[in-house]
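Student: One-letter residues, chain by chain:
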Amino acid sequence: MAVTIEIPTAFRRFTDGEPKVSSGAATVSEALNDLTARFPALSRHVRDEQGQIRQFLNVYLNDEDIRFLSGEGSTLKDGDKLLLVPSIAGG
Amino acid sequence: MKEVYYLRCRECGKKFANTPQSFCEECFSPLEVSYDYEALGKIARRETLAHRAFNMWRYSELLPLPEGFKPSHDIGGTPLVKSKQFGPSLGVKNLYFKNDAVCFPTLSFKDRVVATALVAARRFGFKTVGCSSTGNLANAVAAQGAQQGFDTTVFIPADLEPAKVLNTAVYGAKIVRINGNYDHVNRLCTQIADRFQWGLVNVNLRPYYAEGSKTHGYEIAEQLGWELPDNVVVPMAGGSLIGKIAKAFCELAHLGWVEPKQVKFFGAQATGCSPIADGVKRNLARFQPQKPNTIARSLAIGNPADGPFALRLIRESGGWAEDVSDPEIIDSIKLLAQTEGIFAETAGGVTTGVAAKLIQQRRIRTDETTVVCITGNGLKTTDAIAADFPATQAIAPKLEAFEALVAQQLEEGVRANR
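In order, the protein sequences belong to chains R and P. Using the working numbering, read the first sequence as starting at 55 and increasing by one per residue. Using the working numbering, read the second sequence as starting at 1326 and increasing by one per residue.
A hint or two may mislead.
What the hints assert, rightly or not - Across the chosen pairs, the derived CB separations fall in these ranges: (1) A91/R - N1608/P: 48 to 58 Å; (2) R1637/P - N116/R: 37 to 47 Å; (3) S97/R - K1418/P: 53 to 63 Å; (4) T63/R - G1393/P: 27 to 37 Å; (5) D1519/P - N116/R: 12 to 22 Å.
As the list claims (entries may be wrong) - With a cut-off of at most 27 Å between alpha-carbon atoms, the simulated DSSO-like pairs for lysine-lysine come out as follows: (6) K1340/P - K1367/P; (7) K131/R - K1616/P; (8) K1616/P - K135/R; (9) K1418/P - K1586/P; (10) K1572/P - K1327/P; (11) K131/R - K74/R.
Calculated from the structure, these hints are not laboratory results. From the three backbone atoms N, C-alpha and C, an ideal C-beta is built for every residue, glycine too.
When you get a sec, could you build the whole thing from the sequences and use the hints?
Tutor: Printed below as a string of structure tokens:
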């Protein structure tokens, strides 16, 4: 089983330029941990000092914001796509 | 001369040179334009304003504009209307409406933000500009983009009000309709800005765009005779405007143009999309995003990018946030029109309705000066209230017909009053 994590351009300097990373994680939380274990420099950009996903980073599972699902506990299935998008637009 | 403005991270404080970039490379928090206020204090003088036209460019020194900038449109400079009926009926003597429903050229406060964003777009060499929009912003980008010769593409939710779509299309802008709500459009635009070399005013040009909103605040202070109000009621969509009005007031106090004052900031949302108001009322550390369901489409942003900052500002200023239902929004649009002669779009119904609620709750004191921000024109959202005003009976062009009608209305009036 594998899910794909899509990396925004701004994060790619921490992922050796990789735009996509594959993971065998079963939940969103595990997938993010997997990602930051592989690219430790990314860690503090994904989570804040309290270990929460940073306030200005939106995480989407397929097309849905994970806050409308079960948050970090949302479960993943084969072929799912995780998208990391900085929260910058609006108005 | 060295530029007096630069980009700065709102969370970690890291400084960046002026570039089309809207978030910090270190902590991914939003960037905003910051100024060397000491240098600004030497070049910006309140007295020089006396010789300038009343529009947003009179505050040029306080905006991120390149040296020698010449504006091509007289944007802003909207009326601050003292309430004659609405405020007094609630016991408030000093209540004002800042009326951006008549902002030039597209009848919303978005004309201000697009003005500063397109200056940045030109400076950074973009040929194509665009935005993700709930309507008003698309109108403003399309109009000013056309006037300034940009290729313009806007992204909107597919089910936007027809008037707002038409008011964009007429300027020749390309319109991409997205099957989804504004938050979906927004996410797509963030990805587009990542991929294409386009100047998206509220994405990669966002720091410069947002600064335009400050002029709404400068004008309020100047129109009050260079005094700050006690309370401001501001509509919240992405949550940016409320913070920029606060920034404007702080800057004026810092420059010594007004006496410093602890202004209370009150946020207004529609109940059908009220993530920030909900966060304030439930005292949440982080707001919960919502799926918008309201007629106030211009405020229908369920995941507001500046929500965290708005939440903090409202709390720290001693203000509050409230929300009103769709029927209350319609009633408030009618009330504002029928008491003050101002026809606001649904967002104006939201601020008016929320202002009344806050006064009734005594969160806004009746002996204080309060400004209610009207940010868009009612002609853009006629669908929302059309059902309340069915066509009246037509009569023959004869005096007898009119007399009969008067008699009939008199009778109906008597019956209605029984």
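Student: Against this structure, judge whether each hint is valid.
Tutor: Okay, the hints, checked on the actual structure:
no.	hint	in the structure
1	A91/R - N1608/P: 48 to 58 Å	35 Å, violated
2	R1637/P - N116/R: 37 to 47 Å	32 Å, violated
3	S97/R - K1418/P: 53 to 63 Å	56 Å, holds
4	T63/R - G1393/P: 27 to 37 Å	33 Å, holds
5	D1519/P - N116/R: 12 to 22 Å	19 Å, holds
6	K1340/P - K1367/P	22 Å, holds
7	K131/R - K1616/P	25 Å, holds
8	K1616/P - K135/R	21 Å, holds
9	K1418/P - K1586/P	20 Å, holds
10	K1572/P - K1327/P	23 Å, holds
11	K131/R - K74/R	17 Å, holds
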